[in-house]
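Participant: Letter by letter, the chains look like this.
Number of protein chains: 2
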Amino acid sequence: MNFCSHCGKSTYLKVPDGDHRERHVCDHCNTIHYQNPRIIAGCIPTSGDRVLLCKRAIEPRRGYWTLPAGFLENGETTMEGALRECQEEAGAQLHNPLLCGIYDIPHISQVYVFYRGPLINDTFSVGDESLEVELFRKQEVPWEDLAFPVISLALEHHFADCQTELRGVRSSTVIKRLC
Amino acid sequence: MNFCSHCGKSTYLKVPDGDHRERHVCDHCNTIHYQNPRIIAGCIPTSGDRVLLCKRAIEPRRGYWTLPAGFLENGETTMEGALRECQEEAGAQLHNPLLCGIYDIPHISQVYVFYRGPLINDTFSVGDESLEVELFRKQEVPWEDLAFPVISLALEHHFADCQTELRGVRSSTVIKRLC
Numbered sequence: 001m002n003f004c005s006h007c008g009k010s011t012y013l014k015v016p017d018g019d020h021r022e023r024h025v026c027d028h029c030n031t032i033h034y035q036n037p038r039i040i041a042g043c044i045p046t047s048g049d050r051v052l053l054c055k056r057a058i059e060p061r062r063g064y065w066t067l068p069a070g071f072l073e074n075g076e077t078t079m080e081g082a083l084r085e086c087q088e089e090a091g092a093q094l095h096n097p098l099l100c101g102i103y104d105i106p107h108i109s110q111v112y113v114f115y116r117g118p119l120i121n122d123t124f125s126v127g128d129e130s131l132e133v134e135l136f137r138k139q140e141v142p143w144e145d146l147a148f149p150v151i152s153l154a155l156e157h158h159f160a161d162c163q164t165e166l167r168g169v170r171s172s173t174v175i176k177r178l179c
Numbered sequence: 001m002n003f004c005s006h007c008g009k010s011t012y013l014k015v016p017d018g019d020h021r022e023r024h025v026c027d028h029c030n031t032i033h034y035q036n037p038r039i040i041a042g043c044i045p046t047s048g049d050r051v052l053l054c055k056r057a058i059e060p061r062r063g064y065w066t067l068p069a070g071f072l073e074n075g076e077t078t079m080e081g082a083l084r085e086c087q088e089e090a091g092a093q094l095h096n097p098l099l100c101g102i103y104d105i106p107h108i109s110q111v112y113v114f115y116r117g118p119l120i121n122d123t124f125s126v127g128d129e130s131l132e133v134e135l136f137r138k139q140e141v142p143w144e145d146l147a148f149p150v151i152s153l154a155l156e157h158h159f160a161d162c163q164t165e166l167r168g169v170r171s172s173t174v175i176k177r178l179c
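From first to last, the protein sequence lines are chains A and B.
Residues 1 to 179 (my numbering) make up the first sequence, in order.
Residues 1 to 179 (my numbering) make up the second sequence, in order.
Since the hints were made in silico from the structure, they are not lab data.
In this text, a Cβ means the ideal position worked out from N, Cα and C, and glycines have one as well.
Any given hint could be a false lead.
Keeping only pairs whose Cα atoms sit at most 27 Å apart, straight-line, the calculated DSSO-like set for lysine-lysine is [stated by the list, open to error]:
1. K138/A - K176/A
2. K55/B - K176/B
3. K14/B - K9/A
4. K9/A - K9/B
5. K9/B - K14/A
6. K138/B - K176/B
7. K55/A - K138/A
8. K55/A - K176/A
9. K55/B - K138/B
Quick partial rundown of chain B residues pointing at chain A, CB under 10 Å, derived from the structure [what the hints assert, rightly or not]:
10. I39
11. E76
12. D104
Next up, chain A with everything else stripped away, as it sits in the complex (with noise of 0.2 Å):
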């Protein structure tokens, strides 16, 4: 950030009186320029044992397999967001859709928040930012080729649950990987 979003002046970085970071501020008109984690919501659709994925037609990881998901937009909430995404991306509706886990990326300051829910009707589609949509059994999962670390654990962590016959949230931590 470079420019007050306001007024169109400079901002600088200073920590403001009773904070204890700094921001980018503006001299100006006084406007302090906070920046916050985002929150990614997305779905893990299933079909019996198998679960949904769309094979990314955009940047970054195009071409790598991933779960429905995407920014939460303003005015949402995050079981919305998710049900838009699996819409937008994979052509398909959920039944029952259930909170079942938290993901922390602190090192992208992102929050990913999944529901989980039986496709209705088995009934899916390629969206616009999908090249393929697909269902794939734990074995089948190209788990080489899956966009981000997150989704590697979501996926883990809902075949897990799904032997134990757990049902219950997960809250997890995604660390950097340092190489």
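Fit chain B to the known structure of chain A by using the hints.
Facilitator: Chain B alone, transformed into the frame defined by chain A:
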């Protein structure tokens, strides 16, 4: 938003190619300025059948009671943010905090994430943003003087879950009140 925070030129609202929503866009440097919901991370600190509440020393809702909570910062996990707020506002630390609820508030584009845990050594103190910090049993909670609807809802859920010994994760939406 009136000006581009990257180059300082005027922004205007348009639907970018491949998007479905209006965004603040800069015609000069082509930056698209997305605006997204913010996460508030909070705690439900417990001591036996009591919960720790803070009387707010700051606006909005100065003088009303709340759970320790605040905006998640970049680089934090939701649990780290919740525990930081608990320390800052109530001088309190929690033993083994566990995720206990996600509350969507779509009309103000906020998502609350709460962690519950017992106070370490029953120790707490009044932080800079609090006028008082106090433990309350269910019947002692100042229900009419709580700061925000989400706080009422989280406390109702907490006390209900204590009674049934249910310890799952709540997922709920706070609806805008019409009166």
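Participant: Each hint should be assessed against the structure and marked as holding or not.
Facilitator: Against the structure, the hints come out as follows:
1. Between K138/A and K176/A the alpha-carbon distance is near 25 Å, which keeps this suggested pair within the 27 Å criterion.
2. Between the alpha carbons of K55/B and K176/B the distance comes to roughly 23 Å, so the proposed pair stays at or under 27 Å and holds.
3. Under the criterion of a C-alpha separation no larger than 27 Å, the hint pairing K14/B with K9/A is consistent with the structure, at around 23 Å.
4. A hinted pair counts as satisfied when its Cα atoms are at most 27 Å apart, and K9/A with K9/B qualifies at roughly 10 Å.
5. For the proposed pair K9/B and K14/A, the alpha carbon gap of about 23 Å is at most 27 Å, so the pair holds.
6. A C-alpha spacing of about 25 Å is found between K138/B and K176/B, which places the hinted pair at or below 27 Å, so the restraint holds.
7. Simply put, K55/A and K138/A have alpha-carbon atoms about 17 Å apart, close enough for the 27 Å limit, and the pair holds.
8. Among the hinted pairs, K55/A with K176/A is consistent with the structure: their alpha-carbon atoms are about 23 Å apart, no more than 27 Å.
9. Pair hint K55/B plus K138/B holds up; C-alpha atoms about 17 Å apart against a cutoff of 27 Å.
10. Hint on I39/B holds. Least Cβ distance to chain A is approximately 6 Å, under the 10 Å limit.
11. Using the Cβ-Cβ criterion of 10 Å, the hint placing E76/B at the interface with chain A is satisfied: the shortest such distance is roughly 6 Å.
12. The closest approach between the C-beta of D104/B and any C-beta of chain A is roughly 4 Å, which is under the 10 Å cut-off, so the hint is satisfied.
Comparing the model with each numbered hint stated earlier shows that all of them hold.
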